[in-house]
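Residue numbers (the working numbering), protein chains in the order written: chain R, 1 to 106; chain S, 1 to 187; chain V, 1 to 1012.
In short, the hints are calculated from the structure, not lab data. Check the hints yourself; a few may be wrong.
[What the hints assert, rightly or not] Not everything, but these chain S residues come out facing chain V in the computed CB check (under 7 Å):
1) R6
2) T30
3) R32
4) D34
5) L98
6) Q145
7) A149
8) R164
9) S165
No experiment lies behind these values; they were computed from the predicted model shown. Don't be surprised by glycine CBs; every beta carbon is placed ideally from N, CA and C.
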Amino acid sequence: MLTLTCPYCGVAACETELSPGGEAHLKRFGPGSSDDDFEAYLFLRPNVKGVHFERWRHAMGCGKWFLAARDTATLEVFGTYSAQTTEPPPGIVEAIRAKRPDWSPT
Amino acid sequence: MSDLARSALPGAEAGGIVSVREMGLQGMVTLRADLSVAAKALKKVTGAAMPEVRGMTEGEGTRVAWMSPDELLILCDHSAAGEMARGLTEALKGQHHLAVDVSDARAMFSLTGEAGALRDVLAKVTPADLAALAPGEMRRTRLQQVAAALWFESGTEARVVCFRSVAQYVFDLLALSAKDGGAVGYH
Amino acid sequence: MSTRLSEGGRLIDRSRKIAFRFDGKRLTGHPGDTLASALMANGQRIVGRSFKYHRPRGVVASGAEEPNALVNLGEGGRHEPNQRATTTELFEGLAATSQNRWPSLDFDIGEVNALIPRFLPAGFYYKTFIHPRPFWKHVFEPFIRHSAGLGRAPDPRTTDPDRYEHFYVHTDLVIAGGGIAGLQAALEAGRAGAKVLLCEQTAHWGGRAPVDGVEIDGAPAEAWIAAALAELEGMENVHLRLRTMVAGVYDHGYVIAYERVADHVAAPDAPRHRLWRIRAAQVVSATGAFERPLSFPGNDKPGVMLASAMRDYLVNWGVSPGDRTVVVTNNDDAYRTAIAIRKAGLDVPCIVDARDTADGPLPQEARALGIPVKTGMAIANVKGLRGVVAVQLCRQAGEGAVIEDVICEAVAMSGGWSPVVHLWSHCGGKLAWDAGGAFFRPDHEKPPTSHDGEGFVVCAGAADGALHASEVLGNAGAATGRALARLGLSAPGRVATASAPDEAALSPVWMMPQGAGPKKRAKMWLDFQNDVKVSDVQLAAREGYESVEHTKRYTTLGMATDQGKLSNINGLAVLADALGAPIPQVGTTTFRPPFTPISMGAIAGEARGAVFQPIRRTPIQDWHERNGAAWEPVGHWRRPYCFPRDGETKRDAVNREILATRTSVGLLDASTLGKILVKGADAGRFMDMLYTNMMSTLKPGRCRYGLMCSENGFLMDDGVVARLDDETFLVHTTTGGADRIHAHMEDWLQCEWWDWKVYTANVTEQWAQVAVVGPNARKVLEKLGGDIDLSKEALPFMAWAEGRIGGFDARVFRISFSGELSFEVAVPASQGRAFWDALLDAGAEFGITPYGTEALHVMRAEKGFIMIGDETDGTVIPQDLGLDWAISKKKDDYLGKRAQERAHMTDPARWKLVGLETLDGSVLPDGAYAIAEGVNDNAQRNTQGRVTSTYWSPTLEKGIAMGLVLNGPDRMGEVLEFNTTRKAARGEDAPTVKARIVSPVFYDAQGEKQDV
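Okay, chain R solo, but in the shape it has when bound:
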């Protein structure tokens, strides 16, 4: 059972206070987009073993969505950060690289 620190209210929240929201940093494709782009946006997920960015909502708390960088195999958490970002911020990338030198953001 995970503990993730909400970047908004600073509470180290237990997983039972959070609700998960799947992969982070998806780019929305709306009307006018190609079938392939839309399918990828809606359905195709890499299901990585290793570094993963994901969405969580502090549902039993401040109610805010935030993002977490986490290793799906070891459950190591590299950091949590604002949901108002389109890509992992430099501090998070640095924290991941410090622990996973082979990893690169693609």
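Following the hints, put chains S and V in place on chain R, whose structure we already have.
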């Protein structure tokens, strides 16, 4: 209409290793705004300063609690809540915000008892770290299966706020946890 | 025959007696006894029977690892099966019965299984009961079910009278185990200032050290333990907990502990069990070690026990296992048992040591006491049917030719010790094989890791493989130091020194004698509870089971309630030998929590009865309860389904409520409807994205019905939106939808359109909402008075107004879900009940009738209104429901628009909504399928539609239904055949029912009634 108004569980009380009491009608106003620029309006209407993250501040017969980075909960007299919401709307005119009277959407409970027993009873129902909960800080968390907020009013009193529809559940839960024989002796 | 000695027993209070019952017999014990020690003190040698062969079994261990002594404990509502007698504290009035025997413990019919074990080898069921297939269900399974199982399940008519609870704790350090290693760890951590929770599963501190005669800092261990406890009790930052077992270690330092608060009390005032849900930064596992049995023929007979357990019963409880005890061992530690027995004045005919030499201090002491030590020897057979009467000795190196018989009543066996690495392993800690000690120990390089990627469990003392007393405290101190360092604390390093006589190395013995033939191997038990023998594991290996996990499941080794605590290493070693592979290569099975079984009550905690689940209540709920509502759960709400009066069936009540509403006036508690404020400069833009239709053009003071879709295009919610002012919308959602839709809104606002100026607030519970419905609705409201003009001109259909109704603060919405003249009135929740009462008063002269959700459903179906969850199931788009009119063609975008353009969504063959009317006026079965020609690949009838809503309409006096049908709107008037049972779907003969495709609007198609 205050003569017709009733709180969620008027007069509900339970005793045991701590006492649990529903506190009756309580005015509450939700304010959503950019908190970095709303301090002046807040002070003007409530008399209270802008609270820190998770903090609470006192005004004139009011209390302001930090709910999220763009949300406050203002506690006041039940009959004053409507006016307070309108006052905030007026004071924040031209600024993006939402102020609404939510007095009847919630229920509030008081738990009183010896400091250790009080924390023991709460620790039966919330995963929040009670030792890390400083006086004057409000923790939004869950009480077993429902969302709630709690804070310590003093060493020997805690307050719990939950949604009105689950007031009976929360009361039953607290009363059961406070039942005689259930002392844990941890805190 | 076991019995109580005249003196000794450090844990019992001989001055007092406790009465208890076993299989109806009245027996007595002392405070401090376990049920096992008390049974042995009363000469009860057989305490249970095994699972498969129903073999008579006695107590073999003295703690959590006990495989045999399982009993039914308690009676009536407190009855619990499979309770370990070794961990059950005796209390006045305790009642236990033995398990898995019929008709009695001493004479069991099922024991015949034991005479034919060669017919029940490993995998017997898998091999035998495959063909013919129908036999499994009707012959084999009932037989196996009858003969299987251990304890008796609780009587379903009883209710557990006790209460249970959870308890959440955050701490720096959890220490599992209150032996000397755990106490030393607590002292170090406590002195370093860490917040410590020390848990001990038994009722006593100190573990084995006092039994084994360990000295600490030059004094008996007991003195040090007392001093340590005194110091720990004085520390504010240390919390000590007895009868609390650390059951599991999980991700990110989540630890579960199981406190048996009141298991030792007959009828407790306290909660019986408490489940500790702990967040610990570090875990110290000071869980000790388990002694291993030896695999010799007949090692399961009553009277054969672990050497350490026998010592425990002597020293802790003053219980003798028998007058003459043979000790059989491959190590020096077991000599302690021989010495303790002899010092208690009992006889040890000989010590059988599989090793060729035994010259250490303990063997020397045993010899000095006159006990013969027979090295290089083994047990070839144990004689006795209901218990040991003699053992036959042979050479360990040979095949088992008997050299001599030794008369005895008990056998103490020791095959060495295995560290209890469960807690280390639960969350992924890896193990390393220690060849010297022949056990797995924690691999310090590969600990379980926490959120920071660092290890968060250390093993201390015997759990880390430091089995000898002299190593234990140093090891515990060092382990605690590692844990403290991870907390940023430094250990004071004031570690005590324990001492005990030196011990020579053990010699691994996995089979005794080592050259035993098939007959002997079939009598060597590995898993006592599940009856798995050496021969079974060898058979599995011969049959190709190479993985230890597969072998475990095939043979059921280690799958009983004790989870292989005694059998794991022995079974593994036998498998490795049979495969010709080294033990570490074969590996071990996975250790999974809980460490020992925990009660269902503890897991459920307080969640039973009134607080099983939160039931959301409206401000009017009390009235519904007092007026006999029949209930329907909707989300977590419990809404009135209808209000049956005396003698009425539910169906009668529903029909009455509908007719009263359609002819005069009805009243619905609609408080559960979701109400969400959406406000801001970009609120219109946001509403246009949320809804399929155009909301930004809605005028203040007006209402509009709208549909919300997920990004997948599927319909997720519907409801009426009211525009409060230029910047503010009030969104009504379905009853179950408020939280979900609010979360959906916040998701898009926070994660996609965070620069839009929109705030939302879920104000669902701020308002009590009552629908006043029917031709007399306006009259009722006007009677209450107030300042809102309710006339058609001032407040037309789909308008709303704010003001006072009577003395109540109200918002009135002219919306209708029934087709009648309807006012939905919202008042602050605190006024809700008074408002309801006022409406009942005012409406009395019109026969005002409260109605429930079923009347609501029927009335909306009569009008052809869809219901989320009936007409929709997560695969339905608005276009399927003929709701194209509510989909804006002008908007570039809304959530779900792109998805609705996908090929499958625009397929003309999608089933579409129609009305259905049976030819005979009957009610179609819910969910029935319209049958089409032919069958599919599974030989099921093809289908061309299904029923989504179906009711008896009292208004029209016939069955009405809605359904999704292939090309339905183009087939008006056509008659379809619907199945009524599953048989029809399979193409078998079964009655079908014919229904005609009609418009889904059955009542007042022009909408005249609502617009008055």
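Hints, verified against the model:
Of the supplied interface hints, the one on S:R6 holds, with its beta-carbon coming within about 6 Å of a beta-carbon of chain V, less than 7 Å. About 5 Å separates the beta-carbon of S:T30 from the nearest beta-carbon of chain V, less than 7 Å, and the hint is met. With 7 Å as the threshold, the beta carbon of S:R32 comes within range of chain V, its nearest partner Cβ sitting at about 4 Å, so the hint holds. Because the beta carbon of S:D34 sits about 10 Å from the nearest beta carbon in chain V, more than 7 Å, this interface hint is broken.
Checking S:L98 against chain V by beta carbon gives a least distance of about 4 Å; that is within 7 Å, so the hint holds. Interface hint at S:Q145: satisfied, since its Cβ lies 5 Å from the closest Cβ of chain V, which is below the 7 Å cut-off. Residue-level restraint check for S:A149 is violated (minimum Cβ-Cβ distance to chain V is 15 Å; threshold 7 Å). For the restraint placing S:R164 at the interface with chain V, the shortest Cβ-Cβ distance is roughly 5 Å, inside the 7 Å limit, so the hint holds.
Evaluation of the S:S165 hint against chain V yields a held restraint, the C-beta minimum of about 4 Å falling below 7 Å.
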